[in-house]
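Asker: Residue strings, one per chain:
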Amino acid sequence: MSHAIQTQLLSKQFANGVTALSDISISIRQGEFIALVGRSGSGKSTLMNIIGGLDSPTAGSVSINGDTVNYRDRKNLIDLRRSHVGFVFQQFNLIPSLNARENVAYPLLFNYVTREERNLRAARLLALVGLSERADHLPHQMSGGEQQRVAIARAMVGNSSIILADEPTGNLDSKTSTEIYELMRSVNKERNVTFVIVTHERDLASYCDRTIELSDGKVVP
Amino acid sequence: MIAKEMDFLKMSARQLNAKRLRVALTVLGIAVGVAAVIGIFALSDGIRYQAIETIKAQADLTLIEIHPRTSDGITQLITDTKVDALRETPHVTAVAPAFMDSYSTKKQTFLQIVAVRGGEIDKVLNLKYTSGRAFEPNASEVVFGAELKDRLQHNEGIRVGDVFTALVREYDANGMPTDRQVPLTLTGALGDRDDKFDRYVLIDMTTASRIRNEQKGYDTVFVRVDDPDNVFPVVDEISAQGLAAQGAFEQIRAVNQFMDAILIVFMIFGLFALFVGALMITTTMITSVYERTREIGITMAIGASEADVIRLVLYECLLIGIIGGIVGIILGFLFTVVLNTVGKPFIIARMGVEISSIFGNEIAKLSPGMVAAGMAIAMVFSIGAGLYPAIKATRLNPVEAIRGMT
Numbered sequence: 001m002s003h004a005i006q007t008q009l010l011s012k013q014f015a016n017g018v019t020a021l022s023d024i025s026i027s028i029r030q031g032e033f034i035a036l037v038g039r040s041g042s043g044k045s046t047l048m049n050i051i052g053g054l055d056s057p058t059a060g061s062v063s064i065n066g067d068t069v070n071y072r073d074r075k076n077l078i079d080l081r082r083s084h085v086g087f088v089f090q091q092f093n094l095i096p097s098l099n100a101r102e103n104v105a106y107p108l109l110f111n112y113v114t115r116e117e118r119n120l121r122a123a124r125l126l127a128l129v130g131l132s133e134r135a136d137h138l139p140h141q142m143s144g145g146e147q148q149r150v151a152i153a154r155a156m157v158g159n160s161s162i163i164l165a166d167e168p169t170g171n172l173d174s175k176t177s178t179e180i181y182e183l184m185r186s187v188n189k190e191r192n193v194t195f196v197i198v199t200h201e202r203d204l205a206s207y208c209d210r211t212i213e214l215s216d217g218k219v220v221p
Numbered sequence: 001m002i003a004k005e006m007d008f009l010k011m012s013a014r015q016l017n018a019k020r021l022r023v024a025l026t027v028l029g030i031a032v033g034v035a036a037v038i039g040i041f042a043l044s045d046g047i048r049y050q051a052i053e054t055i056k057a058q059a060d061l062t063l064i065e066i067h068p069r070t071s072d073g074i075t076q077l078i079t080d081t082k083v084d085a086l087r088e089t090p091h092v093t094a095v096a097p098a099f100m101d102s103y104s105t106k107k108q109t110f111l112q113i114v115a116v117r118g119g120e121i122d123k124v125l126n127l128k129y130t131s132g133r134a135f136e137p138n139a140s141e142v143v144f145g146a147e148l149k150d151r152l153q154h155n156e157g158i159r160v161g162d163v164f165t166a167l168v169r170e171y172d173a174n175g176m177p178t179d180r181q182v183p184l185t186l187t188g189a190l191g192d193r194d195d196k197f198d199r200y201v202l203i204d205m206t207t208a209s210r211i212r213n214e215q216k217g218y219d220t221v222f223v224r225v226d227d228p229d230n231v232f233p234v235v236d237e238i239s240a241q242g243l244a245a246q247g248a249f250e251q252i253r254a255v256n257q258f259m260d261a262i263l264i265v266f267m268i269f270g271l272f273a274l275f276v277g278a279l280m281i282t283t284t285m286i287t288s289v290y291e292r293t294r295e296i297g298i299t300m301a302i303g304a305s306e307a308d309v310i311r312l313v314l315y316e317c318l319l320i321g322i323i324g325g326i327v328g329i330i331l332g333f334l335f336t337v338v339l340n341t342v343g344k345p346f347i348i349a350r351m352g353v354e355i356s357s358i359f360g361n362e363i364a365k366l367s368p369g370m371v372a373a374g375m376a377i378a379m380v381f382s383i384g385a386g387l388y389p390a391i392k393a394t395r396l397n398p399v400e401a402i403r404g405m406t
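As given, the protein sequences belong to chains A and B, one line each in that order. The opening residue of the first sequence carries number 1 in our numbering; numbering runs sequentially from there. The opening residue of the second sequence carries number 1 in our numbering; numbering runs sequentially from there.
The following block holds chain A by itself, in its conformation from the complex (with noise of 0.2 angstroms):
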């Protein structure tokens, strides 16, 4: 099986001196579910920013699907979002004046996608959550889960064969917490979707297929 993720003595050091990573090295295969667990400052947000490339590394290197990603091209780094990996956040991250459709195809703009071609992967997407009869709803009319849903639907629309998950539970109850790492797994297993899955709720983590967890910038072996 060849690696969706892989990365090599990956390093970051901020600015203020602080090391958030040190030498990672870590292969996650296609279709993997991985929770990537540790402690708050561990540096488990700044891997998955890097992984999908809103960040850079001071030093190592990532391959996204065996292509080493370059963090100096722009262009390399806007292509990688817009085709290979769908982030999905905490705080779900919608536009709040798109309704549940239109966030979903939201990404899509950016692509050349026409509207009609938008419109039906949207379409598809919120069935695939059974939020088809949301569609029309904004933000503010759903609830936390719905909006969760929706924030999933919107990272898988560009086709992208990852997705990275920061906190995606944090904000919600225990029972929707359950309902959202299903649909993930269900989309994990139906199309093979590679999920890193940033959590520190180690309950959720026996969902995931291994668990990789970071400590003071390291993974603990």
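It is worth saying that the hints were derived from the structure and are not from the lab. The model shown is predicted, which means the values in this text are computed figures rather than measured ones.
EDC-like, lysine to aspartate or glutamate: derived pairs with alpha carbons at most 16 angstroms apart:
1. B:4 x A:117
2. A:75 x B:308
3. B:128 x B:147
4. B:123 x B:226
5. B:56 x B:194
6. B:82 x B:237
7. A:75 x B:306
8. B:365 x B:53
9. B:82 x B:219
10. B:106 x B:162
11. B:4 x A:102
12. B:123 x B:60
13. B:216 x B:101
14. A:175 x A:201
15. B:4 x A:116
16. B:106 x B:156
17. B:392 x B:308
18. B:10 x A:102
Given chain A, put chain B in place with the hints provided.
Answerer: Same frame as chain A, now just chain B:
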């Protein structure tokens, strides 16, 4: 490609819709600026148009008077060659060269003599006689302008058909003046023309040369142009020949220069208003970028390039500019309507009917060009005002923006 731009435009429209009140105030800012610029142009154009129309109606605009011109110490004389060239100039229908002289009557009334060839001056001036007839070639005959005829008839009893004595002043070798008496017959009097020919004496050129015992060069050429709109090209042609042109067209030129000067002063105020409008857009957009820091971060995280973010912000500005332009044009139009409706009685009340007649029916005049210019100005100012916030938006660090740390 166009569909994508339209999608961006729609996206921007939704963002504006979400902050209607703030956008409305910003739109008003740019609209007032556009209305000010349009109003100023419409008013100055209206006044300019009416003033020029009045000059066209009241003055003999197609008559040009040409004189020798001196520049850099060299005087360009009017020669027969130049007169022939004038005859060949496009739009020139008649040409009458002339030289000027001065006699006086026995009672010392000054007589401004214009020596011409009868047929030529008649074609240029379209002379009309209230009494008598034109002078004959080489005869000691003269024709008086209307005002001169009345004055001399009243003061000296000279009537059409009379022979009167003109005094022609000459200077001897010692520079002492002597007045030679020349009998002249007043053969006719011109009708009222409301120009300087009312005070002139017309005489045959050959006769005038004979009286002076010398062949004088031309002092001036009177030229008739076919249409008022062709006067300026003919004037340019005359200037190109090194000669100076005078006439009622100079009033139009003066009006244009005066209105241009006024326009520049007024435009400073108009542009100031527009500048304030543009500042309002900048403020609105900077605030909007700050408020949407997280949203812009997310937009970048899901695949928007920096160019996409700039586009989203600038399209919002463009829409503000378009709406502001339309509202400004409507306000400018209302301004002209109010001015044309209320302004006229106001001018009559303050300055009297005579002055108000200058303005005809339209004090302010709105042209399609002004509407287009108003729209273009609004759009350019809006885009210009959005550049800083747009670039600022792209400088956001997506990670920090999403966390809401910026």
